[in-house]
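Novice: Next come the chains, spelled out residue by residue.
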Amino acid sequence: LAKTTQPISMDSYEGQEVNITCSHNNIATNDYITWYQQFPSQGPRFIIQGYKTKVTNEVASLFIPADRKSSTLSLPRVSLSDTAVYYCLVGDPRQAGNNRKLIWGLGTSLAVNP
Amino acid sequence: GAVVSQHPSWVICKSGTSVKIECRSLDFQATTMFWYRQFPKQSLMLMATSNEGSKATYEQGVEKDKFLINHASLTLSTLTVTSAHPEDSSFYICSARDPLDRLSNQPQHFGDGTRLSIL
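First to last, the protein sequences are chains C and L.
FYI, the numbering for the first sequence is 1 to 114, going by my numbering.
FYI, the numbering for the second sequence is 1 to 119, going by my numbering.
Just chain C, with the same shape it has in the complex (with noise of 0.2 Å):
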């Protein structure tokens, strides 16, 4: 199973830059990473997905090495509003094409502080 690891927590303050960190060592080769933000008693809305080096959109980028053994969601400038938690995702392997399971970490509780 592919399984990720992250930062349980992490502490900021409005404007700086947040990166967090997930190793997903396991990944398989045509595994993309995908990242998802929570806020309380909402569903997971997607961030940001790749699959290798950078990728960056209107709300964040992510970083992922050559050996795609880890990966690091970077977003520019917080404020308040992003204190959520955090998910990274890589597909399970043993799924083939659109039943692709995803399997969810614990997640990265971000608290962003005026």
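Because the hints were derived from the structure by calculation, they are not lab data.
Honestly, I wouldn't trust all of these hints.
[What the hints assert, rightly or not] BS3-like cross-link-like pairs, simulated, lysine-lysine; straight-line CA separation at most 25 Å:
hint	chain 1	residue 1	chain 2	residue 2
1	L	Lys20	L	Lys55
2	L	Lys55	L	Lys41
3	L	Lys20	L	Lys66
4	C	Lys101	L	Lys14
5	C	Lys101	C	Lys69
6	L	Lys55	L	Lys14
7	C	Lys54	C	Lys69
8	C	Lys69	C	Lys52
9	C	Lys3	C	Lys54
10	L	Lys41	C	Lys52
11	C	Lys101	L	Lys55
12	L	Lys20	L	Lys64
13	L	Lys66	L	Lys14
14	L	Lys41	C	Lys3
15	L	Lys64	C	Lys101
16	C	Lys101	L	Lys41
17	C	Lys52	C	Lys3
18	C	Lys52	C	Lys101
Following the hints, complete the assembly by docking chain L onto the known chain C.
Specialist: Relative to the frame of chain C, chain L by itself:
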């Protein structure tokens, strides 16, 4: 973007009641939907994979007779918690993939969850 709607958002009922939760893909067709359960301060636990027109695939330890799943159309899956008891109280979340999503690995899109409280 792809939107998944879940209803109801919360429900409180007496022990022994059966509760139905609906999950709809609003602007895409989903042949596969996923049902999760999440307890406070814990991660999402996959309960079952719902496949349109066929039986759901349940994860180990999830009672299929307790959690009935029906995926009768390409836009609707339902989860029925039968004879619910207080230990079934949890946050239930569904998700679906849009097969036409431009991203290569088609990320899951989640509903906003259903808070179930059994008294």
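Novice: Failing hints, ascending?
Specialist: Going through the list in order, the structure violates hints 2, 4, 6 and 10 and respects the others.
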